[in-house]
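Could you put together the complete structure from these sequences and hints?
Taken in sequence, the protein lines are chains A and B. For the first sequence, the numbering used here gives the first residue as 1, with consecutive numbering after it. For the second sequence, the numbering used here gives the first residue as 414, with consecutive numbering after it.
The set of hints was computed from the structure by calculation and includes no laboratory data. There could be a bad hint or two in this list.
As a list, the in silico EDC-like pairs of lysine to aspartate or glutamate whose alpha-carbon atoms are at most 20 Å apart [stated by the list, open to error]:
(1) B:Lys636 to B:Asp672
(2) B:Lys774 to A:Glu226
(3) A:Lys223 to B:Glu519
(4) B:Lys415 to A:Asp292
(5) B:Lys776 to B:Asp732
(6) B:Lys415 to A:Glu289
(7) A:Lys2 to B:Glu464
(8) A:Lys363 to A:Asp292
(9) B:Lys774 to A:Asp259
(10) A:Lys323 to A:Asp292
Below are the chains, spelled out letter by letter.
Protein chains: 2
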Amino acid sequence: MKRYAELAPSQRTIMTPGPVEVDPRVLRALSYPILGQFDPEFTSYMNDTMEMLRALFQTSNQWAFPIDGTSRSGIEAVLTSLIEPGDKVLIPIYGRFGNLLYEIAERCGAEVTSIEKEWGTVFTPEEVISAIHREKPALVLMVHGETSTGRIQPLAEIGKACRELGILFVVDAVATIGGVPVRTDEWCIDAVIGGTQKCLSVPSGMAPITYNDIAAKKINARKTIERGLRTLLDSNTDDIINRPPVIRSNYFDLSQLQDYWSSARLNHHTEMTSMLYALREGLRLVLDEGLDERFTRHRLHESALVAGLEAMGLTLYGDPSCKLPVVTCINIPDGIDGESVRNMLLNSFGIEIASSFGSLKGKIWRIGTMGYSCRQTNVLQLLGALEAVLIRHGASIHTGTGLQAALDVYEQK
Amino acid sequence: MKRYAELAPSQRTIMTPGPVEVDPRVLRALSYPILGQFDPEFTSYMNDTMEMLRALFQTSNQWAFPIDGTSRSGIEAVLTSLIEPGDKVLIPIYGRFGNLLYEIAERCGAEVTSIEKEWGTVFTPEEVISAIHREKPALVLMVHGETSTGRIQPLAEIGKACRELGILFVVDAVATIGGVPVRTDEWCIDAVIGGTQKCLSVPSGMAPITYNDIAAKKINARKTIERGLRTLLDSNTDDIINRPPVIRSNYFDLSQLQDYWSSARLNHHTEMTSMLYALREGLRLVLDEGLDERFTRHRLHESALVAGLEAMGLTLYGDPSCKLPVVTCINIPDGIDGESVRNMLLNSFGIEIASSFGSLKGKIWRIGTMGYSCRQTNVLQLLGALEAVLIRHGASIHTGTGLQAALDVYEQK
Numbered sequence: 001m002k003r004y005a006e007l008a009p010s011q012r013t014i015m016t017p018g019p020v021e022v023d024p025r026v027l028r029a030l031s032y033p034i035l036g037q038f039d040p041e042f043t044s045y046m047n048d049t050m051e052m053l054r055a056l057f058q059t060s061n062q063w064a065f066p067i068d069g070t071s072r073s074g075i076e077a078v079l080t081s082l083i084e085p086g087d088k089v090l091i092p093i094y095g096r097f098g099n100l101l102y103e104i105a106e107r108c109g110a111e112v113t114s115i116e117k118e119w120g121t122v123f124t125p126e127e128v129i130s131a132i133h134r135e136k137p138a139l140v141l142m143v144h145g146e147t148s149t150g151r152i153q154p155l156a157e158i159g160k161a162c163r164e165l166g167i168l169f170v171v172d173a174v175a176t177i178g179g180v181p182v183r184t185d186e187w188c189i190d191a192v193i194g195g196t197q198k199c200l201s202v203p204s205g206m207a208p209i210t211y212n213d214i215a216a217k218k219i220n221a222r223k224t225i226e227r228g229l230r231t232l233l234d235s236n237t238d239d240i241i242n243r244p245p246v247i248r249s250n251y252f253d254l255s256q257l258q259d260y261w262s263s264a265r266l267n268h269h270t271e272m273t274s275m276l277y278a279l280r281e282g283l284r285l286v287l288d289e290g291l292d293e294r295f296t297r298h299r300l301h302e303s304a305l306v307a308g309l310e311a312m313g314l315t316l317y318g319d320p321s322c323k324l325p326v327v328t329c330i331n332i333p334d335g336i337d338g339e340s341v342r343n344m345l346l347n348s349f350g351i352e353i354a355s356s357f358g359s360l361k362g363k364i365w366r367i368g369t370m371g372y373s374c375r376q377t378n379v380l381q382l383l384g385a386l387e388a389v390l391i392r393h394g395a396s397i398h399t400g401t402g403l404q405a406a407l408d409v410y411e412q413k
Numbered sequence: 414m415k416r417y418a419e420l421a422p423s424q425r426t427i428m429t430p431g432p433v434e435v436d437p438r439v440l441r442a443l444s445y446p447i448l449g450q451f452d453p454e455f456t457s458y459m460n461d462t463m464e465m466l467r468a469l470f471q472t473s474n475q476w477a478f479p480i481d482g483t484s485r486s487g488i489e490a491v492l493t494s495l496i497e498p499g500d501k502v503l504i505p506i507y508g509r510f511g512n513l514l515y516e517i518a519e520r521c522g523a524e525v526t527s528i529e530k531e532w533g534t535v536f537t538p539e540e541v542i543s544a545i546h547r548e549k550p551a552l553v554l555m556v557h558g559e560t561s562t563g564r565i566q567p568l569a570e571i572g573k574a575c576r577e578l579g580i581l582f583v584v585d586a587v588a589t590i591g592g593v594p595v596r597t598d599e600w601c602i603d604a605v606i607g608g609t610q611k612c613l614s615v616p617s618g619m620a621p622i623t624y625n626d627i628a629a630k631k632i633n634a635r636k637t638i639e640r641g642l643r644t645l646l647d648s649n650t651d652d653i654i655n656r657p658p659v660i661r662s663n664y665f666d667l668s669q670l671q672d673y674w675s676s677a678r679l680n681h682h683t684e685m686t687s688m689l690y691a692l693r694e695g696l697r698l699v700l701d702e703g704l705d706e707r708f709t710r711h712r713l714h715e716s717a718l719v720a721g722l723e724a725m726g727l728t729l730y731g732d733p734s735c736k737l738p739v740v741t742c743i744n745i746p747d748g749i750d751g752e753s754v755r756n757m758l759l760n761s762f763g764i765e766i767a768s769s770f771g772s773l774k775g776k777i778w779r780i781g782t783m784g785y786s787c788r789q790t791n792v793l794q795l796l797g798a799l800e801a802v803l804i805r806h807g808a809s810i811h812t813g814t815g816l817q818a819a820l821d822v823y824e825q826k
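Take a look at the structure:
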């Protein structure tokens with residue numbers, strides 16, 4: 001019998017667009033003993049979590065709860081519950097994660113139309129709104145912050161146009177929630193998906209979502225009680241003709257998950273105890289810091305990072321007018337092996353930064369300043385290490401200037 | 414701004430069929446700092462986990478990895494990847510979780526036929542095999558251990574019959590894995606789903622699965638690379654005519670998850686770091702104890718529990734010849750309010766036991782002896798508390814005998 005070593009992960013400085021470092025208080029919450037899923041203490045933690053999610057999403061929606069899975073589980077739960085096979089869906093794509101929305105919507109049986117924008121920029125509201133008028137979709141799906149390209153898409157005008165036309169507007173805010181404003185109600189977004197492992201600084205494993213009554217109405221029209229929990233009365237509702245088709249997934253059926261998260265507490269899955277502890281604690285820390293204060297903090301460390309990188313002579317990728325504050329994309333200097341730089345940062349300095357996908361692979365590095373990782377010590381350590389590693393790789397950069405520029409930002413704040 | 418109290422869950426003695434108590438060493442693993450998902454340290458933990466899962470499932474299958482979700486996520490991943498819409502599926506049902514298989518298979522587009530057995534007993538192999546000959550399904554789906562009724566279904570002969578007929582045999586071993594033998598290869602099971610929060614004593618949040626090359630062949634025939642990660646070469650494979658229909662879920666697409674869990678490391682979701690730590694540590698403890706030793710331990714504490722309950726004058730529910738060793742179902746004595754007993758156990762003694770579902774609600778209590786909860790101190794504390802609570806509820810039971818009978822079992826071992 002092979003014997004496995006005890007788990008002993010190294011301490012890393014994680015400056016990627018996620019997963020990022022987790023506050024020690026959240027790590028501690030993960031280590032607390034288990035409660036049963038219907039223990040009143042546990043259900044009170046579930047209720048706290050729903051309340052705090054409403055504050056996070058800046059919404060008065062009734063429904064705000066996590067899906068038990070990684071971020072894309074939240075996307076799939078919302079799409080598979082909202083999209084009926086044959087529904088026409090419009091997806092404006094400006095990076096990899098728009099393609100993921102396409103992939104998932106297509107598997108839900110949607111008739112998908114996409115419009116595409118060159119990577120490194122975003123859509124003007126008019127471009128999207130004119131496509132909406134042309135395509136007349138039932139749903140519009142968009143990514144708020146594209147970590148693949150480091151861009152952020154303005155949403156308010158698009159949301160308003162959708163609301164006026166009676167079109168459902170669904171937003172993937174996995175990368176932005178907790179780091180930059182996501183104003184669900186003000187921007188007329190019908191359903192939003194957040195992520196835990198980025199600006200919330202909770203480990204990957206849950207996907208907080210929220211949706212309003214308009215979305216809930218469409219979901220509830222497709223509702224069935226789980227076989228094995230149905231009473232005769234419930235079964236009869238199945239016989240109603242002209243019902244929309246049943247949701248294709250049990251795991252992601254929001255009409256059933258609502259019953260689990262409401263006072264009905266109708267059994268569905270067994271809630272992830274430890275992850276729920278972590279999410280509740282992570283949300284508590286976010287709201288304790290204050291949303292506005294948190295967004296300001298993210299802006300500050302982004303400024304210091306950018307000042308340092310530019311003082312070193314590095315250039316940023318993409319249209320600066322739509323830069324995502326929590327992800328900074330750097331053009332890899334000519335002749336430099338981007339992966340070799342990343343490996344040396346990790347192996348010699350314990351610092352992780354990211355590469356990118358598709359056509360950007362090998363062309364840019366991506367640095368995240370998200371959540372608990374978004375702090376002065378991390379930004380300064382990274383800038384110092386990057387300078388040393390770039391010198392070691394023979395890059396022609398300005399030396400001794402990057403950290404000074406970042407320190408200037410911190411002293412002027 | 415409302416302020417939320419710090420998380421401070423009570424210490425419970427959890428004697429339900431899950432979620433059960435977690436070994437402190439696993440809780441500690443949950444609190445370790447995050448690693449990036451492609452950090453070589455982290456991918457080595459992923460590889461360890463796959464190796465240990467093969468040992469747990471007693472299989473030489475290449476594919477053994479967790480699905481990132483609660484137990485039913487594993488069921489849905491296997492079914493949605495294996496079932497093509499229109500596939501004929503046979504489901505022998507003898508409790509609630511057989512109905513869940515039906516529910517999920519139906520949503521996958523299967524043509525489902527079920528045979529049903531009175532709750533409290535299981536099928537003879539002949540009953541299932543004759544239905545297989547009659548129905549000629551493409552897949553047979555069965556629950557190994559039904560926690561809703563506390564029964565265990567023998568599988569070896571059914572597996573052999575399916576293999577001979579070229580029928581895929583899929584088993585839900587959520588309740589049994591790590592507590593009683595699950596011999597994947599010996600019993601000719603093509604795909605098995607396990608659970609973490611029961612006999613493995615890892616918190617709910619991952620669903621370990623394994624499947625063999627026969628299953629993999631069917632899954633791979635439906636493979637597509639994720640949109641946004643495809644190269645031109647990959648896209649061309651989409652144009653092949655007469656391909657079976659694409660898997661309806663991206664999150665649960667085993668053909669994509671394989672690429673993530675293999676050395677290809679093709680990006681899919683962001684693996685749940687903390688849960689993976691917990692699963693790896695939990696599996697390490699299981700294999701360190703030894704599978705056979707672990708099964709024997711589960712039998713011992715079941716014996717002591719049953720001896721104690723019967724000495725008290727309580728009667729067990731269901732056919733004893735197919736009793737699930739890790740769940741003991743007790744008939745609630747006439748005139749006793751089962752929920753009141755459960756509440757007093759929880760509120761006065763900090764001990765949780767379970768009720769059941771559907772027609773058994775209010776009729777039986779269910780006591781789990783699973784994983785880390787399955788130990789002498791817990792069994793003895795429960796028996797003492799139950800006697801006191803039953804006396805307090807006016808039940809006519811034998812007093813002073815339950816604990817003595819259990820102690821006898823422990824002294825004779």
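query = What are the numbers of the hints that this structure violates, sorted from low to high?
reply = 8
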